[in-house]
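Undergrad: What follows is each chain in one-letter form.
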Amino acid sequence: MERTPPPIEDLWKEAGFTPNPEQSAAIRHVEGPLFLAAGPGSGKTRVLLWRTINLIVYHNIDPEEIFLSTFTEKAAAQLKEGLLSYLALVTNKTGKAYDIAAMSIGTVHSICQKLITDRRFAKNRTRQHPPALMDELAQYFFVYRRAFWDSLCIAAGFTDGDEGIQEVNLFFGKLYQGKPVKSRHKAAVELIGLFNRFSEEYLDPTACTTTNKILKKLLKMYRAYMEKLDNEKKVDFSLLQKKAYDHIAAFGKSGSIFKHVIIDEYQDTNTIQEKLFFTLAAGYKNICVVGDDDQALYRFRGATVENLVQFENRCKEKLKQKARRIDLSTNYRSRIQIVKTYTDFIELADWKNPSGGAYRVENKNIKAHSSDARTGVVVSEKKDAKFVYRDIVEFVYKLKQKGKITDYSECAFLFPGIRDNARVQGFKDAFKQFNDDNNLTGTDDEIRIYAPRAGRFLDLDEACAVWGMLLLVFDRPSYGAGISGELIYFREWLKNCKKYATEICAKDKQLANFIKDIKTEIETANNDYKALNNTIAKNGWQGKTAYKKSMSRILAETSGLSPKAKRSITNHFFNELVEFREKEGRPFTVDYIVNRASSLDWSVLDFFYQLTGFEHFRKMIDLAENHGDEGPICNLALIADYLSKYQDQYGPIISAGFLQEDKFSHSLYSSFTYALWRLAETEFEDKDDPFPRGRISFLTIHQSKGLEFPVVVLGSLFRKEREADIKEKTVRKLLHKENEGEPLDRISKFDTMRMFYVALSRAENLLILPQYTRGSAATDEFKELIASSSFKELNAFDPREMDKAKKHDKKVTAIYSYTSDFMLYKRCARQYMFLRKYEFTGSRTQTMMFGSLVHQTIEDLHHLLIDKREKELPYD
Amino acid sequence: MTDKEIEEELQKMFEINYESLKLQGGHSLTPEVRDAAWNQVLYYFKKLRKVVAEKVSKTEVKLTLPEQETPAGRRFTIEGIVDIVTENEETWMYDIKTHEAGFIEKHKEMYEQQLNVYAYIWEHLQGNKLDHTAIISTVLPSGLRNALRDRPIIPEKVKSEADKWNPVVPLAFSQKKIKETIREFGAVVDDIEAGEFKPATPEELDTADGGKVKFVTRYCIMCDGRFSCSSYRKYVAKTTGRSQADFKRYYSVYDDETAQTDYILSNLNMDIINMEFDKPE
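Chains V and Y, in that order, are what the protein sequence lines are. Mapping of the first sequence onto the working numbering: position 709 corresponds to residue 757, and the numbering continues sequentially without gaps. Mapping of the second sequence onto the working numbering: position 40 corresponds to residue 163, and the numbering continues sequentially without gaps.
By construction, these hints were calculated from the structure, which means they are not laboratory data. Careful, some of the hints might be misleading.
Restricting the straight-line Cα-Cα distance to at most 27 Å, the calculated cross-link-like pairs of lysine-lysine (DSSO-like) are [said to hold, decoys possible]: (1) V/Lys-122 / Y/Lys-402; (2) Y/Lys-127 / V/Lys-919; (3) Y/Lys-302 / V/Lys-874; (4) V/Lys-281 / Y/Lys-178; (5) V/Lys-323 / V/Lys-162; (6) V/Lys-144 / Y/Lys-402; (7) V/Lys-693 / Y/Lys-178; (8) Y/Lys-145 / V/Lys-543; (9) Y/Lys-300 / V/Lys-162; (10) Y/Lys-185 / V/Lys-597; (11) Y/Lys-402 / V/Lys-227; (12) Y/Lys-280 / V/Lys-144; (13) Y/Lys-185 / V/Lys-61; (14) V/Lys-162 / Y/Lys-402; (15) V/Lys-388 / V/Lys-415.
Looking from chain V toward chain Y, a few residues come up when the C-beta cut is under 10 Å (computed) [stated by the list, open to error]: (16) Asp-492; (17) Phe-665; (18) Gln-697.
All C-beta atoms in this analysis are idealised placements derived from N, C-alpha and C, irrespective of residue type, glycine included.
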């Protein structure tokens with residue numbers, strides 16, 4: 049028997065949640081559009097969570113009828129955990145069980161994937177095959193590869209690929225000494241950016257007109273690109289959204305599937321997403337958006353903050369309804385002075401819209417919940433940069449010494465950009481100097497930073513060591529004499545890695561022997577390959593010749609063949625397969641057999657894991673196991689991730705045929721690694737990087753989105769204003785939107801203000817601002833802020849004013865699975881660490897994904913059968 | 124819907140799930156691992172269609188024990204997933220696992236402990252009826268796996284191997300030891316949060332379950348962390364008598380030639396080998 053649930057207030061009490069009146073109103077809002085203007089640290093995750101609980105438990109909304117999108121998978125997972133936990137609380141009181149498995153909750157991308165195959169949007173209720181999704185790296189290779197690049201260029205009307213490269217670079221202003229650069233890499237990166245933007249703007253290339261001759265061709269390239277993807281049943285991230293929109297738009301009744309459409313981080317959504325949301329909400333009109341325009345960060349990826357700023361108007365226009373606006377304006381994160389600082393700061397820019405109103409949601413009235421009026425913001429003395437760095441470093445050290453922070457990971461340094469930033473380097477050097485001066489280097493007290501994206505990831509010690517070992521085994525291909533530009537530097541990097549690995553081997557005889565053994569193995573494979581090809585030539589066969597079982601005896605008798613290759617050729621099971629394929633009329637080729645017999649037993653990822661057995665690498669893992677520095681192990685996990693991405697591109701098998709003509713080393717170094725090396729120069733960031741224990745994190749402000757730290761140092765108060773992005777200009781022109789949105793000449797200022805607003809609002813107890821005397825010291829707004837705020841200087845600040853940073857669990861609740869946490873941990877805690885804590889990518893078994901795949905599909909099967917049983921008579 | 128149609132639909136669902144897991148995790152499976160997963164799903168349907176699959180009344184029921192507290196005072200929630208079948212007034216709770224049936228038989232106690240907690244949530248907290256619990260193993264027995272590798276496939280052989288297979292392991296359940304299990308669970312949560320990650324001991328690695336397969340063979344061989352693992356290294360040094368200076372063999376990645384044959388078969392791609400690489404710019 050199901051019992052009535054207790055009032056929601058009782059649940060809040062049990063969960064230790066006391067909502068303020070605005071939060072409570074937002075949670076209880078059920079009908080009609082809702083706009084939640086949520087300032088920093090205003091508890092919006094809890095509001096979203098409880099609002100969803102309210103809908104499910106008290107308004108009988110089936111979880112399947114809810115669409116809830118978040119900005120990251122992590123945020124979605126957190127919400128899911130909260131929902132599960134609180135719904136279970138209800139279940140245990142009422143006996144009514146809830147199942148959120150069918151709820152559309154996740155990032156917009158993952159929900160789009162679901163929508164495409166969702167039976168409810170299909171006319172005959174049969175699911176479509178999903179398109180294969182290319183991630184950013186795969187998309188890059190797809191466009192960059194010579195053969196496809198050339199065909200794209202020719203489809204667009206260029207004479208050849210080279211002309212295409214130059215014209216594309218000309219269009220994007222990639223010039224050197226007044227002439228377009230000849231880099232296909234640069235052209236591909238720019239073009240991909242434009243294609244993505246086109247897709248996100250839902251731009252139809254056949255319907256656009258332009259007088260720009262190159263742009264005309266770029267539109268043709270976009271068409272050819274989409275056709276090619278269609279043929280191969282692939283999509284990129286941007287087209288996935290377009291596909292999903294087309295899919296639901298074609299259905300006709302799309303507005304009547306979801307009773308509630310809820311979107312978090314609405315300020316960072318784009319045009320196609322907005323179309324999608326409003327289409328889905330057209331029937332019930334229950335669209336709830338949550339966000340903060342002042343924290344919009346992703347214009348460079350096509351996000352349009354207007355979606356949020358104009359939300360109330362769009363509701364009137366599209367849904368013919370007035371949206372209710374509720375401001376979540378109480379900040380629960382920071383001290384009063386910090387809140388005052390960032391609210392004052394954002395007002396310093398001119399947000400006025402000449403045709404009335406503002407380019408920003410006004411009258412937010414953000415206030416601190418904290419009553420702690422002690423110092424929350426300090427500035428350095430105004431000095432030459434290197435002294436500022438030193439003072440701040442020393443101050444941070446003092447905070448730790450005095451126990452105000454218990455772990456360095458409670459302190460974060462934020463920068464507008466990490467790469468090639470002189471401030472980042474300055475602070476890094478200052479830390480090093482400080483460690484040396486105070487004899488901390490190598491001791492437990494050494495201050496370590498974690499900045500895997502500062503500089504190239506590939507320049508990190510761990511990466512150089514691993515790539516160096518690879519280079520010792522598989523040498524780099526020769527690029528000849530006439531190379532220039534980046535390739536020279538890349539070759540230098542390869543050389544240095546190899547040198548570094550040689551040094552490591554010199555200190556570790558076992559490792560040196562291991563490498564030697566591996567090289568012998570490769571030599572054997574190469575010899576087998578040669579010998580087999582001799583036999584083939586002698587018999588007058590060709591590589592493409594159909595392989596017959598009868599040929600195996602001749603091949604196996606090849607002189608000088610290794611036992612391993614011989615076994616491969618005479619393998620009983622395999623020969624049965626050969627015979628079978630022969631009969632079926634799809635015989636193997638001779639080439640295939642030769643490569644099979646001469647392939648290595650291991651992949652690059654296997655090799656990587658073998659390396660971790662040797663001291664140089666092993667001690668990095670030991671450190672983590674023994675509660676030490678987590679930085680190195682985190683980097684190793686990232687390396688494993690990259691190597692598995694290589695294998696996604698080129699497969700795991702290294703065969704002797706692939707080793708010929710440097711093909712393999714071209715694939716690994718010249719293609720994959722070089723791409724990583726070069727892409728690192730673009731904003732290839734926003735990875736879910738870890739925050740290792742014991743280290744101070746250096747983050748980009750973008751990476752810090754949604755995070756908070758007891759102590760925040762803003763490393764730089766300046767960002768150069770830039771001209772509006774050419775993609776922005778192009779798209780506006782093509783879509784005749786020149787007069788819509790924020791004026792092109794103010795975009796840069798607005799974006800800079802918003803970015804620093806995010807940075808300033810990350811701090812809980814203490815925010816530290818540097819004051820540099822020279823160089824690009826600060827933006828005008830920062831200068832004004834500091835001049836008018838009388839912040840205390842570092843040396844005048846008494847650390848006693850700071851409370852010890854509380855280690856507070858941000859998680860609403862932590863869910864542990866009986867099997868994949870408890871049982872796995874009990875079996876072997878170290879394996880748990882490998883798989884679940886640092887998430888090393890498996891080389892062969894990939895147990896986690898395997899299990900999920902089997903379980904989810906069986907679940908789907910059950911649903912199908914339940915469905916069938918309810919609808920039809922039993923078959924047979 | 125005919126069997127064939129269901130199987131086609133199943134294939135589609137499999138692909139959909141694969142693509143979406145790939146998106147979430149950022150990784151793909153190698154073809155042979157994918158095929159193994161597909162075979163488990165397909166044969167689950169073929170084998171258990173009548174007994175379980177068609178009768179499931181509630182699938183992937185999330186059993187949640189919320190707001191527990193660890194010895195150190197952390198709040199946590201335990202989660203488990205089961206399928207429920209009600210037939211002739213009798214309710215079965217099934218936990219579908221990708222572990223081998225033989226292994227489950229030998230570790231009944233461990234799985235019983237798990238099902239006891241699940242049964243407690245289902246019966247006592249949620250007030251449902253429960254008569255039986257069982258584990259279903261989706262791992263195909265080696266006979267069936269081999270029959271499926273045959274070319275051509277001999278349907279009779281596959282059928283007879285499939286008939287021999289018994290994937291359902293019924294387990295008794297009781298309310299014994301629930302509190303201890305939950306307490307132990309809490310202690311594990313504390314250990315995880317405190318970063319306690321010591322490996323199983325070399326002695327444990329050397330211990331066989333139910334007299335047959337050693338821990339090291341079952342788990343370590345699949346673990347990429349083994350090369351750097353102190354226990355694994357000690358175990359290898361002890362059992363092979365190899366000095367640490369010579370672990371070329373111990374480092375071999377794959378000793379199993381059958382597995383290696385399959386691995387190459389599904390991963391060797393001539394298109395990649397024949398790819399042309401132009402000089403980088």
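Undergrad: Hint by hint, note whether the structure agrees.
TA: A quick look at each hint next to the structure:
1. At roughly 40 Å between alpha-carbon atoms, V/Lys-122 and Y/Lys-402 are farther apart than 27 Å, so this suggested pair is violated.
2. With a CA separation close to 18 Å, the supplied pair Y/Lys-127 and V/Lys-919 stays within the 27 Å bound.
3. Taken as a hint, the Y/Lys-302 and V/Lys-874 pair is honoured in the structure, with Cα atoms around 17 Å apart against an allowance of 27 Å.
4. Distance restraint check for V/Lys-281 and Y/Lys-178: the Cα-Cα separation of roughly 36 Å exceeds the 27 Å cut-off, and the hinted pair is therefore not satisfied.
5. Proximity of V/Lys-323 to V/Lys-162 is assessed by CA-CA distance (about 17 Å); at most 27 Å being required, the pair is judged to hold.
6. For the suggested pair V/Lys-144 and Y/Lys-402, the alpha carbons sit about 65 Å apart, so the restraint of at most 27 Å is broken.
7. Taking the CA atoms of V/Lys-693 and Y/Lys-178, the gap is about 41 Å. The hint is violated against a cut of 27 Å.
8. Only pairs whose Cα atoms come within 27 Å are accepted, and Y/Lys-145 paired with V/Lys-543 is rejected, the gap being roughly 35 Å.
9. As the CA atoms of Y/Lys-300 and V/Lys-162 are separated by approximately 41 Å, the hinted pair breaks the 27 Å bound.
10. Of the supplied pair hints, the one linking Y/Lys-185 and V/Lys-597 is violated, its CA atoms being roughly 53 Å apart against a limit of 27 Å.
11. Of the pairs offered as hints, the one joining Y/Lys-402 and V/Lys-227 holds, with about 23 Å between alpha carbons and a cut-off of 27 Å not exceeded.
12. Note on Y/Lys-280 and V/Lys-144: the hinted pairing is violated, with a Cα-Cα distance of about 47 Å set against a maximum of 27 Å.
13. Between the alpha carbons of Y/Lys-185 and V/Lys-61 the distance comes to roughly 24 Å, so the proposed pair stays at or under 27 Å and holds.
14. At roughly 41 Å between alpha-carbon atoms, V/Lys-162 and Y/Lys-402 are farther apart than 27 Å, so this suggested pair is violated.
15. Annotation: proposed proximity of V/Lys-388 to V/Lys-415 holds, straight-line Cα distance about 8 Å (limit 27 Å).
16. Evaluation of the V/Asp-492 hint against chain Y yields a violated restraint, the C-beta minimum of about 16 Å exceeding 10 Å.
17. Hint status for V/Phe-665: holds, given a least beta-carbon distance of 7 Å to chain Y, under 10 Å.
18. Annotation: V/Gln-697 was flagged as interfacial toward chain Y, and the flag holds, the nearest CB pair being 9 Å apart, inside 10 Å.
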